[in-house]
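Protein chains in written order, with numbering that gives the first Met the number 0: chain A, 0 to 308; chain B, 0 to 569; chain C, 0 to 324.
All the given hints hold, so there is nothing to weed out.
Covered stretches of chain A, as calculated for chain C (at least 3 residues, CB under 8 Å):
#1 139-147
#2 238-251
Calculated lysine-lysine pairs in the BS3-like style (CA-CA distance at most 25 Å, straight line):
#3 B/Lys120 / B/Lys169
#4 B/Lys209 / C/Lys184
#5 B/Lys182 / C/Lys71
#6 B/Lys180 / C/Lys71
#7 C/Lys125 / A/Lys34
Worth flagging that the hints you see were computed from the coordinates, not collected in a lab.
Note that CB positions come from ideal geometry on N, CA and C, so glycine has one too.
Here is how the chains run, residue by residue.
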Amino acid sequence: MKTGNEQRDTLAAPAGRRDWLAGGWALFWENPIGKIGLILMACFALMAAASFVPPLLDPMYHPMHGVDPEISHATGPSAAHWLGTDFIGRDILSQLLAGARIAFMVGLSAAFMSIFFGTLIGMISGYAGRFVDTLLMRIADMVMVMPTLLVVLILSSLFGQLRIWTIVLLIALFRWPGVSRVIRAQTLTLKHRPFIEAARVTGASHLRIIFRHIFPNVLPLALLYMTFRVTSAIIIEAALAFLGFGDPGTVSWGMMLQWVWKTGHMFQAPYWLLPPGICISLLTLSFYMLGRAMEEVLDPRLRKEGESE
Amino acid sequence: MTVGNRTRAALLLLCAAVLACASAAWAKSRHPLRIGLGEEPRTLNVWMASDANSNNILSQIYQPLYRHTPEETEMVPWLAAGPPEMEADGVTYQVRLRPARWSDGSAFTAADVAFTCRLIKEFKIPRHYSRWKFVDRIEAVDDRTVRFVLKEPMAIFLTRSLTIPIVSEKEWREVADAAKKQKKPLATLFNHTVERPLGTGPFVLEKWHKGAFLHMKKNDWFFGQGLRIGGRLLGPFVGEILFKIYGTSDVAMLALKKGAIDMYWQGIQPGYIENLEQHPEIRIFSSERSALYYLGFNLRRPPFDDPALRRAAAVLVDKSFIIERVLQGYGSRMDSILPAGNEFWYNPNLTEYGEGLNREQRIRAVHRILKEAGYRWTRPPVDDAGKVQPAAGLRLPDGSLMEPLTILTPPADYDPHRAISGLLIQQWLRQAGIPASARPMSFGALLQQVKARHDFDAFILGYGRLSLDPDYLRIFFHSEFDRERGWNMSGYHNPEFDQIAEASEKTMDLEARRLLIYKMQEIIARDVPYLPIYLPREIEAVRTDRFAGWVQMLEGIGNIWSFCQLSPVN
Amino acid sequence: MEIRRYILGRLFQITLIFFVILTVLFLLFRLAPGDPVSRMVDPNMTPEDAQRLIEQLGLDLPMWQQYLIYLKNFLKGRFGISFHYGQPVSEIILNRLPNTILLFTSSIVLAAFVGVFLGKIVSWKKGERIDTWVTIGALVCHTLFLPWLALIIIWVFAYWIGWFPLTGMISAEIWTDPSAGLLRKGLDIAHHMALPLTTLFLIHFGSYLLVMRSSMLDTLREDYILTARAKGLDEATIRNRHAAPNAALPVITSVGLSLAFSINGGALTETVFTWPGLGRELVFAVSNNDYPLAQASFLLIAAVVLTANLVVDLIYAYLDPRIRY
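Input sequences plus hints: build the corresponding full structure.
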């Protein structure tokens, strides 16, 4: 697999980056997929921001602890609860809003961490070559064959309920190899470019070369990957929570689905079952679309693998 | 190419249509009783089976000597012909057996009973051995008479020991002999695969299609057929039973509404009831349970080593709120370790902590209790003006700040009730400044932490299917059981209690024993090592359009009496 | 020969990786709190009973000894006895594996087939409305939350419209009917498989479509396509005979590489549809602390994914001799 694709020089040339960015943006916005993705994501960001409002209005709108004093079972939409209440009288809308916040948090931080590990390892591996390269790439191979969801499931079941941050970290730890491979390939092609050679001749340290010269050139690719990692992180967290292995102290969409399921409202409270599922699907869709559009701007041929996530 | 694809698409559609029609057209010529199970049974090896689903199947096959009637008031002879006759020495019992046959037609004899009991003793079979180790000898006097000689008089012999399922010597003799020669006899016995269990019950296993269903047929040799036991005429009147496996209750409920099953053999969440009640063919049974759901404290370390704090927690926990909100009203509050339904042994005059108080009154009461016990706050829950406020900075009587503590609960997918109760209790304790946080964790890890490592502050657990005999009071709180994997998980030590508990085990006179059991409940309610919270009801749903005759008893309708009495409608 | 050395090297690496996974797995399951014995909540279970059971299960031995036994048995092909079922693990896996293979491969093959076909069509109409809509449709299908989708599908097609059975793999009524022939039983399985198959298909075909589409677009820029055009061949021939076979290769590799991800989805689907397969068994074994069964099923999955990766590597190495480590 692992590539070896020729690079376009647009990425490597430091001059004209601003033009390139502007042109890229125009290309991006032209693409209906990118536009839809961005608009969808803006909606969810608004939701996440709005999640702070309901608990301020009335303590009964607290997504976790607030219960309506009048209601003690699942009810459909009403004036006080626009999306209805769950089985102990908590407001579904405020849970949904809080869920958006958690989803962003989980998605972005897990993706950021996995990209961080992936980029770092990829650059080191590609730059150092030889033994270090082989070792790191073998480890990458090993981690890559693990079905992340099942691994995190096993860990979570073995070590008791995991906290949300542990879950985020675990997702990140199992999602870096794909990125590091692509970054490594990119680094390999950069390594022998004249401007790197020039830096080496002038006596720049390895660290400086990696961060000053290689890093800026792999950054767009890393950012592209990040959007895809956000998608997979959100899905994994939601699936984990759905199966009952999430962090019970947080109100995530997966958790909401788990509550619907385990309290027996799955097939009788559509107002409770549908919103979280739709939100998970749409939010992951928006990040995915964003990634697709960015990819078309960058170069479709940069990416040959990891298409499925 | 395009035409080819169109043809292919058309073919696919046709296939789907044929399948749909075929499913609609399948006429049902037979009328099996169809029952949904929540999970696949683990095993058909009766010694290994400790899960509900295996026991559901095996209870149709292996039968005990005595069993409780649905009214639960008395034990009736089942495989036995009459009540056990105790000899004057008080330790020798004689039991006459009914003329019965195994499902292959061979005779059921006293030798089988003696073999079963000896097997338990020889292999020290977990879960059974503790009820048989005080039996000294078991003899088959003749084909139909067994004699048991005990080491000392035991109150629990009749109710606990003589209710074990009897297996056939023919089926198990060789297995047991081979296992004894192995390095790990018990493991060998447990891992013996049973394909076709040989029993005396109303049904026999025809086929177990792994991962999909079990098929049982009526046992023509069933000893009870046509007999009247416990005032009931026994069948079975059903020719076949199909057990189908549904992974989730949601799908099982759809299956019930669709008519794919006649009964779902597992308690369901109250959330289903409203919807199910709209179906005229579906009937809901809500039955008493013999269970205990409680908050347990760790008495081995601060802060819950102080009974005052435990009592304060007891006042803060609003049991009625949990029952109304979390159980949706399908349950009742518990104040004793014994369920109130166990009328003979239940002590009705116990302290009802916090009963009838509202939130604010509870906080005030706790403020009083804790202040008297020497606790201090930087910001007390009740200010000088007498107003309730958020508390902070709780200090123990020795002046140290109370460390954050955790309440362990099973995860929500295992039991949403306990997980949510944990969250509620966390909030209530915090109102008095007790820095509690609920932490659901996987069931295995939770038990390991509580039972084996004793590393916890508090936990919420439950026991289901507690025996009617209250001997478990002793097992839960006698200091002898405070050790690794012992059932005294709180680490409760009270010499006075131990003494009474030991006496209760051996007192044969019912009234005298009742007084001891009363006293034990009183001590526990005073010291609160466990805070009993709620007793949920068993909610089960059945279809009424094909079969009738479900017998409701303690723990629900899934019992042998139902299966012996059910008959097809029309 | 160069290629032979490369294959041997990869084989060696894969074996090494496999043993690392084996060891990590062993350590994980042993270090974790919770054992099968402590799960038995029954007041009749005395501490002595529990201790006896732990000894019988071999859990009281020192860890290194357990590990050696584990390795020895593994090399002999013995995976131990499931704590939960009390049956040899290999028997349980052999019982479940065919069901998983049936569902999994048929859904992947179907998804790849449809994905390649549609991808080919839309790449030909790049930029047109149909391209945009099909691409968006594929994206939507691909990002749907699987367990939720599965539940909705059950609700609509199995309950509301009622065309299909709710869950499971076979219906007890038919399989206990002595008059039912092989055909009827086969149809019964197909009938049960329709919904889980649809679920997995929907999730997968989108990604294959997208890969096919971009791969087609790349191929169309190649010289030989231009040559074919210059020769005056008609568009359909160029598309189907010249471009598509080459463009489909990345789809095959993508199937191989995304296998680990697909297995996640497979396990979720099996769980929701109560499909008696390996994925569901693994999830179940994990929550029951059934180490031998969970270990063996996970190892099997890892072995399958590793092999798939190897095959993909070899295809690449065969096609592009420049690639070497």
